[in-house]
Amino acid sequence: MRFAAVLIALLLAACGTKQTPDQREKKTVQSWEASLALAGDAWTRGELPKHFVRNAADAAVEELSKNAKGHEAARAIALAHQLEEAVERDDRAAAGRIAIDLEEASR
Amino acid sequence: MKSGFLQIALGIITSIGGFLEVGSIATSAQAGASFRYGLIWSLVLGTVCLIFLIEMSGRLAAVSKHTIADAVRERFGFNFALWPRLAELIVNFLVLGAEIGGVCLGLKVLTGIEARWWAVPVALVLWFALWVGTLDVIENGTSILGLLTIVFVVAAVKMHPDWLPLLRGSAAPVLPPRDQSAHYWFTAVSILGATISPFMFYFYSSGAVEDGWNEKNLPANRVTAVVGMSFGALMSIGVLVAAAQLFNPRGIDISRYEQIALILTPALHKWGWPVFGGALAVCCFGAAVEISLASAYAIAQTLGWNWGEDEKPAERARFSLTYTILIFLSIVPILLGVDPLKQTIFSMALTAIVLPLAILPFLLLLNDEEFVGSHRNGPIGNTVVVFTIFMASIIALVAVPLEILGGGS
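First to last, the protein sequences are chains R and H. Letter 55 of the first sequence, counting from 1, is numbered 55 in this note's numbering, and no numbers are missing. Letter 130 of the second sequence, counting from 1, is numbered 1130 in this note's numbering, and no numbers are missing.
Simulated from the structure, these hints should not be mistaken for lab results. All figures in this text were calculated on a predicted structure; none of them were measured in a lab. For every residue, glycine included, the Cβ atom is placed at its ideal position computed from N, Cα and C. Misleading hints may appear alongside valid ones.
What the hints assert, rightly or not - Going by beta-carbon spacing under 7 angstroms, a handful of chain H positions derived as facing chain R:
no., residue
1, H1066
2, L1110
3, G1112
4, R1116
5, W1163
6, L1166
7, N1248
8, R1250
9, S1255
10, E1258
11, A1267
12, D1339
13, K1342
14, Q1343
Could you build all of it, start to finish, from the sequences and the hints given here?
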């Protein structure tokens, strides 16, 4: 029992520090920028269909609107919309450029 | 009854095809994306415990001709059996909803049509398959299709993992920075919940009784448990490693299935997305079949009703009614727009919480000569069960605060 109590205490103590809201928000934005960069890049190579990129962009906009504020989130949302539009127009050159922008922003 | 070789072959195929489901895909992908190889140990640990518990379920069924739920009721009485069954029913209800959600998401990946539109058709197909199908046809059909999940291992190998850190992560925890500890341990809890699923014991032991196992089936039972579950776990490790290779270096944390769906693209290119969508739909459908039946088995056996998937529905009306109600109620959260990934992760943590209730009877039943005669547990088997109960209790005490601290991060 003592071992169990010590183990629980250690686990909870280890979990005592968590990311600040700012850190979490930054991470969310960066994570979605990188995800969309991957999807956009794969679409330009013909490896993904339109609906896949549309779904990914919609999910990114939904999650970013819910979990992130500030100009970085707004920029990521704008890039997600631009990517979706480029894909709808079948404009692979534009989608490729947006994917590069997203990848650079995610670094 | 099938020949020994056929039983082993089908058992292994069932284990491989049935191991990977929405919970193991989601938790493994999250683990690989957030912590690279740092959580493979939890998959290995969960699988070792699962191998022992599955072998015990089959042994109890073969020797005593009792399923787990049946034996618990007979040995400890109705009142003792009822409460754990109710707790498991609630968890199974959520997990079933998550699995049906997984099928819908797989279909969304394939077609682009929103997941909630698939909920009713998928529930109808699932119910119809259970209503008209026999256990063998349903189980073997979905499991053989589920072999598609081998692509995750192929993809992981094609993505050139670093073998030494991978082996290190398999042997012991690789702790992250302190600010990620809560998320790390919550993910470990979810992986254990996804791996040691109580519904598998009920399904396995009920299938063994339906198939008329006896003591001659014990060697085949052991081989199936060890080889089948190990190969099954390999599929989950494949998902984790592929996620570690693709998402971790790019700093991607998984919060939606739309991200996980990219996992096979670097290895399979234009085939990546359809194979992922198909694999997700098929393996979640297989798991939904198993959970629906396992829940109906457990309830029918606890309440003393007629049960059996191979009987006609009219001959086991209450058994059929149980899975019918469960299936159609479980799609309500999907129709209401509940996030499938959040429901999955929540139900996996809840599974870990009810584990002690589900596992404790193993220790008593598998040491009771009245049930298993000379085939009682040895010291290693008992140690593993005690360790699993201990670990599951710790998990139960820690999972809720961890969810508050780390689940959402």
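Non-conforming hints, listed in increasing numerical order: Per hint list: 1, 2, 4, 5, 6, 7, 11, 12, 13, 14 violated.
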